[in-house]
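From first to last, the protein sequence lines are chains A and V. So for the first sequence, this note's numbering puts the first residue at -1; every next one is plus one. So for the second sequence, this note's numbering puts the first residue at 17; every next one is plus one.
Hints listed in this document are in silico derivations from the structure and should not be mistaken for laboratory results. For clarity, every value in this text was computed on a predicted model and none was experimentally measured. Be careful, since some hints might not be right.
[What the hints assert, rightly or not] Restraint ranges, calculated between C-beta atoms of paired labels, are given here:
(1) V:Val98 - A:Thr64: 42 to 48 Å
(2) V:Ile44 - A:Gly16: 27 to 33 Å
(3) V:Met245 - A:Thr474: 46 to 52 Å
(4) A:Ala223 - V:Ile274: 37 to 43 Å
Every residue, glycine too, gets a C-beta built ideally from N, C-alpha and C.
Below are the chains, spelled out letter by letter.
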Amino acid sequence: MTKSITQEPLNYLNHKTGLWSWLTSTDHKRIGLLYLYSITIFFCTAAVLGLLMRIEKMAPGQTIMTAQTYNGMFTIHGIIMVFIVVIPGLAAVFGNIMLPIMIGAKDVAFPKLNLFSWYVFITGAMLGLYSQFANGHSPDTGWTFYVPYSAQASSNVVIALTAAFVLGFASILTGLNFIVTIHRMRAPGMTWFRMPLFPWSLYATAWIQLLATPIVGITLLMVIAERTFHIGFFDPALGGDPVLYQHLFWIYSHPAVYVMILPAMGVVTEIFPTFSQKPVFGYVPIVFSSMAIALVGYFVWGHHMFTSGISYESRWFFSFLTFLVAIPSAIKVFNWLSTMYGGSVDLKPPLLYAISFIFLFTIGGFTGLTLGSLATNIQLHNTDFVVAHFHYIIFGGMGFAFFAGIHYWFPKIYGRMYNFKWANISWGFLFVGFNLLYFPLFIIGIQGMPRRYFDYDPKFQMGESLSTIGAFILITGFIGMITNLIYHSRKGAIAPANPWHGVTLEWQIPSPPPHENFDEIPIITHEPYRFDNPYTK
Amino acid sequence: METLFNEGSNLAGAVDRAFIFIFAISFIFTIGITALMIYILIHFSRKRNKNPQQFSHNTKLEVAWTIIPLIIVMMMFYYGWVGFAPMRKVPANAMPVTVIGKMWSWEFDYGNGKVSKELVVPFNRNVKLNLVSLDVNHSLFIPAFRVKEDVIPGYNNYLWFRPIMKGTFDIYCTEYCGLAHSNMLAKAIVVDSLEFNKWLADLKVADNLPDHPGLAIVKANACLTCHSMDGSKIIGPSFKGLYGRKTVVVAGTGEKEIEENDEYIKRSIIDPNIEIVKGFNQGLMLSYKDKISAEELDKIVDYFKSAVEKK
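Assemble the whole structure, with the sequences as input and the hints as a guide.
What follows is the structure, encoded as structure tokens:
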């Protein structure tokens, strides 16, 4: 352990102190940490709700809460997790902290706008929570707010959509900021194809944020117009069309899935070369597959609506497009494996999380194909199979990539190192718990167990109970992991500037980075992943 | 009765073939990818391999792993499409049954006023279900038949099947529809033609009198979501025996006993949170001031009056 150092070198963490210096900081790294801390708090809240729901479903019938409470819980759990945690998550945290450094810039293009985005985000998050408790109503529409049910109960859906829009606005601003940053602020010599792949994934993500999010705004205006002026858009009582709402909702919310997963892919794409000491395999195909996912991702929303009564033609066409979007994801998996193949592979915690990402994402992806196929979709739509599938993608994919990212960049962010043994043990709990929690839901989903069911047929009890046990194991792992990280962010051994022998720019500056990242802007002379002097030789 | 993977209808076989095809490919790839990953971790571990190779391209390999998955997913798409296409082609001779979904029960209308709580269908005969919703979105799901279609107000959705297995099968609602969503269940019962004809002949003709105008307003405003007609406690007090009933309400800080008369009923609709029936929560109901006119209020009161008198 370290001896106390009287004169620590100045860095972004200690060059100014006090809460106020954080709340007014336009330093991209500090803003990234503001996102990290606020998102972690929201994540823990929603995770506890998830655990309570699992306890409720330990046995059929009422266990610890009423149906009304249960319905409210899955609604809030979904809203927090989707809109407040996962959609902003990776891009806002690691994008903010790492993007400028990785492209050799001192900050993002619009630092004040960046801070403003965080405040917009917090406002949206608060509004989201408020929507759930406004008017004394316990909320129970599900995070999808489908009309006409959501139109009946109260006006909360207007507030909830406003929250989604405000959160989306933070997302638009961040996306805009990143796009301009990437276009204008790359270090001299960093051509597009000399840019590392995490910034590339953020670039693809930012375009989705910029172009898809306004749809939420349009939907919101239509809901308000319907409520206020009784123009029938969605409510059949006013001559509206409930399925139109579903279209608009998914035109935004499906691309939002790629806002979650693209940066996750970007994170692991940084980890594999570093821990293999080998260049990324197929740099250009990875770039194009990110852009392809962003593009095709716009046109597959109909696969959420295969049973809604849309036309036969749209059903098979949306199914067809859905299968096309699988290809770029598959290419990425093969590229990651080939990056490690032939390398000098060091199974440190970040890589451990990254390879479990591949495993879980593969399962999530294949079950996604099962859902994209029309015949099987009819059986699986709105069953627990869907719940398992999207948790494998969002939690197993984005979540584990986030865990991989935090273990990867932790020494850079805090200048200290966590305990490897603790990280590995926590990983074991997380990985086993995760699979036990969600895999049984695939099985009972195929058998027909619908989602959002408070009560269930005893024939599903085996799967439900196993799932609950998994939830406890998962939470244990999460507590272990987060304790390890929090404790060692202050008390950990001092980390060197480049503990993993990475070659991208963030590893070439001190840990933690100085306030403005670089004393002198680097000049880039070659592609990003060149391990000329492998430290291992 | 029902085993895990019954193929209860003519459509199930093709669906299950798509399942088997997709799952088989998925298992092979997932196991292959995982095995390769473990092999890499062991064989190329830093202990064994201090000298990482530096290759980063292999055009042939990259073309292969683009084309082969493309072919595979197109096959998956094809199997899914082939299994699905017949679901939208209803045979002309199919027996129509109207399914009425409402919060939170199913009704199956066989025409001529014959309405059943269970879906009884003749073995090996084509059946078309016309899906009607009286309130919010629902979805009719019969896992054993591999059929599901949303029941959406204002939409003429439908599905069809030919049952090829006798027995009793579960019906679920699979579109979230509120408090008792998970209790919105029914059974599909497949019987011989003869037995079916007898059952249908014996089915009582439902009381088809039009609703009292007051009841129609109550239904149109979805009051029954929270107030039951049968005395059961949902979110708010039941409407059963409402008019003239003596009840204890909490108003402000004190409790008092009141009679549920014209004035009380109207006040409870316009200002629902002034007096709360003891045992229920405040703030759950919003005012219907702008939604229900004074004229309609009279009709509602009249309905409650008549409902009590009838008994």
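Evaluation of the provided hints:
Remark: the range hint 42 to 48 Å for Val98 of chain V to Thr64 of chain A is upheld by a beta-carbon distance near 45 Å. Distance hint check: the CB atoms of Ile44 of chain V and Gly16 of chain A are about 58 Å apart, inconsistent with the given range 27 to 33 Å. Our hint of 46 to 52 Å for Met245 of chain V and Thr474 of chain A holds, since their Cβ atoms are close to 48 Å apart. Checked against the given bound of 37 to 43 Å, the beta carbons of Ala223 of chain A and Ile274 of chain V, roughly 41 Å apart, stay inside it.
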